[in-house]
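Residue numbers (this note's numbering), protein chains in the order written: chain A, 1 to 358; chain B, 1 to 270.
Check the hints yourself; a few may be wrong.
Said to hold, decoys possible - From the structure, some residues in chain B lie toward chain A, with a derived Cβ separation under 8 Å:
hint, residue
1, Y57
2, Q174
3, A175
4, A177
5, T191
6, L192
7, P197
8, L200
9, T241
Hints are computed from structural coordinates only; laboratory data are not their basis.
We treat Cβ as the ideally placed atom computed from N, Cα and C, and that holds for glycine.
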Amino acid sequence: MGSDDGFIEIVDVTKAFGPADRRVFALGGVTATIRRGEFFTLLGPSGCGKTTLLRLIAGFELPTSGEIRLDGQEIGHLPPFRRPVNTVFQNYALFPHMTVAENIGFGLEMLDKPRAEIASTVARMLALVKMSDLAGRRTDQLSGGQQQRVALARALAPQPKVLLLDEPLSALDLKLRKEMQVELKRIQHETGITFIFVTHDQEEALTMSDRIAVMEKGHILQIGSPTEIYNAPAARFVADFIGDINFIEGEVVSCGDGRAEVRLPSGPLLSAHAGQPVSGRVTLAIRPEKIGLRAAGDGTAQLSGRITNLVYFGSGTNVHVDAGIGADIVARTTTPGVAIGDRVGLDLPFADLSVLAE
Amino acid sequence: MAERKGRPFNLKSQPGFTQIAWACVVFLYAPILVLIAFSFNENRSVVRWTEFSFDWYVSAFQNDGIRNAAIVSLKVATSATLIATTFATMAALATTRTAPFRGQGLAFGIINQPLMVPEIVTAVVTLSFFALVKQVTGLTGIGYLILAHTVFCIPFAYMPIRARLEDMNLTLEQAAADLYATPFRVFRRVTLPLMAPGILAGAMLAFVVSLDDVIITLMISGPGETTLPIYIFGQIRRGITPEINAVSTVLLGVSVLLVSSFFLIGRKKA
Numbered sequence: 001m002g003s004d005d006g007f008i009e010i011v012d013v014t015k016a017f018g019p020a021d022r023r024v025f026a027l028g029g030v031t032a033t034i035r036r037g038e039f040f041t042l043l044g045p046s047g048c049g050k051t052t053l054l055r056l057i058a059g060f061e062l063p064t065s066g067e068i069r070l071d072g073q074e075i076g077h078l079p080p081f082r083r084p085v086n087t088v089f090q091n092y093a094l095f096p097h098m099t100v101a102e103n104i105g106f107g108l109e110m111l112d113k114p115r116a117e118i119a120s121t122v123a124r125m126l127a128l129v130k131m132s133d134l135a136g137r138r139t140d141q142l143s144g145g146q147q148q149r150v151a152l153a154r155a156l157a158p159q160p161k162v163l164l165l166d167e168p169l170s171a172l173d174l175k176l177r178k179e180m181q182v183e184l185k186r187i188q189h190e191t192g193i194t195f196i197f198v199t200h201d202q203e204e205a206l207t208m209s210d211r212i213a214v215m216e217k218g219h220i221l222q223i224g225s226p227t228e229i230y231n232a233p234a235a236r237f238v239a240d241f242i243g244d245i246n247f248i249e250g251e252v253v254s255c256g257d258g259r260a261e262v263r264l265p266s267g268p269l270l271s272a273h274a275g276q277p278v279s280g281r282v283t284l285a286i287r288p289e290k291i292g293l294r295a296a297g298d299g300t301a302q303l304s305g306r307i308t309n310l311v312y313f314g315s316g317t318n319v320h321v322d323a324g325i326g327a328d329i330v331a332r333t334t335t336p337g338v339a340i341g342d343r344v345g346l347d348l349p350f351a352d353l354s355v356l357a358e
Numbered sequence: 001m002a003e004r005k006g007r008p009f010n011l012k013s014q015p016g017f018t019q020i021a022w023a024c025v026v027f028l029y030a031p032i033l034v035l036i037a038f039s040f041n042e043n044r045s046v047v048r049w050t051e052f053s054f055d056w057y058v059s060a061f062q063n064d065g066i067r068n069a070a071i072v073s074l075k076v077a078t079s080a081t082l083i084a085t086t087f088a089t090m091a092a093l094a095t096t097r098t099a100p101f102r103g104q105g106l107a108f109g110i111i112n113q114p115l116m117v118p119e120i121v122t123a124v125v126t127l128s129f130f131a132l133v134k135q136v137t138g139l140t141g142i143g144y145l146i147l148a149h150t151v152f153c154i155p156f157a158y159m160p161i162r163a164r165l166e167d168m169n170l171t172l173e174q175a176a177a178d179l180y181a182t183p184f185r186v187f188r189r190v191t192l193p194l195m196a197p198g199i200l201a202g203a204m205l206a207f208v209v210s211l212d213d214v215i216i217t218l219m220i221s222g223p224g225e226t227t228l229p230i231y232i233f234g235q236i237r238r239g240i241t242p243e244i245n246a247v248s249t250v251l252l253g254v255s256v257l258l259v260s261s262f263f264l265i266g267r268k269k270a
């Protein structure tokens, strides 16, 4: 209880909306543990329940069933103003009738902190988000990026145990978004506060997070570090949602010691790593950049085929190969030296070829 | 490519547009201008101009009947406005800041009922109802008139307040709650300051509506409860004098002032 391993414990939480006869479950039994001081991201497409989960932690919604514990204490049924948790809203929700400094000081004022303490904390927060010279401005005179910083400072000022961020960067243009991603990481590092960040942008999730929970249709499919999520996706949806990936269908011939031999319908036998024993029809997954490309001549490649398309995207080229398995296999290379119509061999390293649990 | 003179439809370029527009302005405002002009006329006539003077304003001000009527009007309008605006604020909060509830449409209809029902019906109904209440309780006084005005002022105060609340982002209140504000403090520090322009606008509208009312007041008001419009109405039957013009001009000035501030305040964005 309250250890660093289980700072926030979400235990079998469900959330249903609508009248009893037409209930819609936004969350169907979510369990997750978030560690103290980590940057935890809820990632998924719109409607996957990530914002609902965030609102349950903030207290804007109450769970239909299940428990939410913070530092060992059940908070799932407390109103928002009794939870040591603050939120950065998607549309910032700055108070239009207050100045920047008044906005930032609002939380401390509601906690009845002495004036001097409020003033010094506000000054520190303004410095943290590099807004010191705009303390007296009204919030409608600020740019989107500045409003974003004020919203962040306002949520951080009461020193919450957890900071919730609901797609806070989605309204910013690309360049500003990249800047704010770096800023957020820096601020999280400096304050040491646990961040729970909601986004639908997989790249954003991979860059910023310590750990990511990938959500779909009200369930968490996988929780893991960005490398785990990227390199060893546990489900087809996770693999597909994050980055580019090839799927190869086949039949398990043998399986043991985390190694599965899979026969493709077209004949070749591939070795893939399997987290758990598998049998029957399975899907294998491999990232384009993990596939080795070689001249067809030597005949030792696991798969071979003819190049159907070359797609150049600046830092590399995607080589589309028809290897007779249905869909084209995409391999990524920085040194193509091949042309459409060439025959090539494809190496699919055992370590990078994984069997997906459906 | 063929050149085409495809100009979008423009109402201003229709034949007769300018003439009709000007005719409307003249028909609307000419009588008012005439009324204002003759309130400054030196002689007793309201049709024949002789010389500029403030005499009628002075005599209106010194006329006890007018003075008393003005005091009654202000008393009734102020009280009705305060009570109606309070109720309208509560109603607006209840219809915008709660989860949709059963009978919400009905509640909305009931609040706005005085706008739909012909005023004469409301007046007759109120008169007979008050007669009954008076008979049972034996209570008399200006309270009845204030109550009647309050009822028809509520929808006028309610509408701008509701509009303001609907424009207001709900996440602002959530943000305040998230920052440790209890529900009461959320209301006092965020909801109320942000809806204040709506409340003020609603109050001014209610005030004007109460100040100008004739039909209901005519039925309800007892002895010594003559409001300004009722006084003017009574005097006109004895012939129009520029004194009435002067009083009307002042009344008009107050209304215009309040209604234009209503628009100015209402325009301030949330």
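List of violated hint numbers, smallest to largest: When the structure is compared with the hints, numbers 1, 5, 6, 7, 8 and 9 turn out to be violated.
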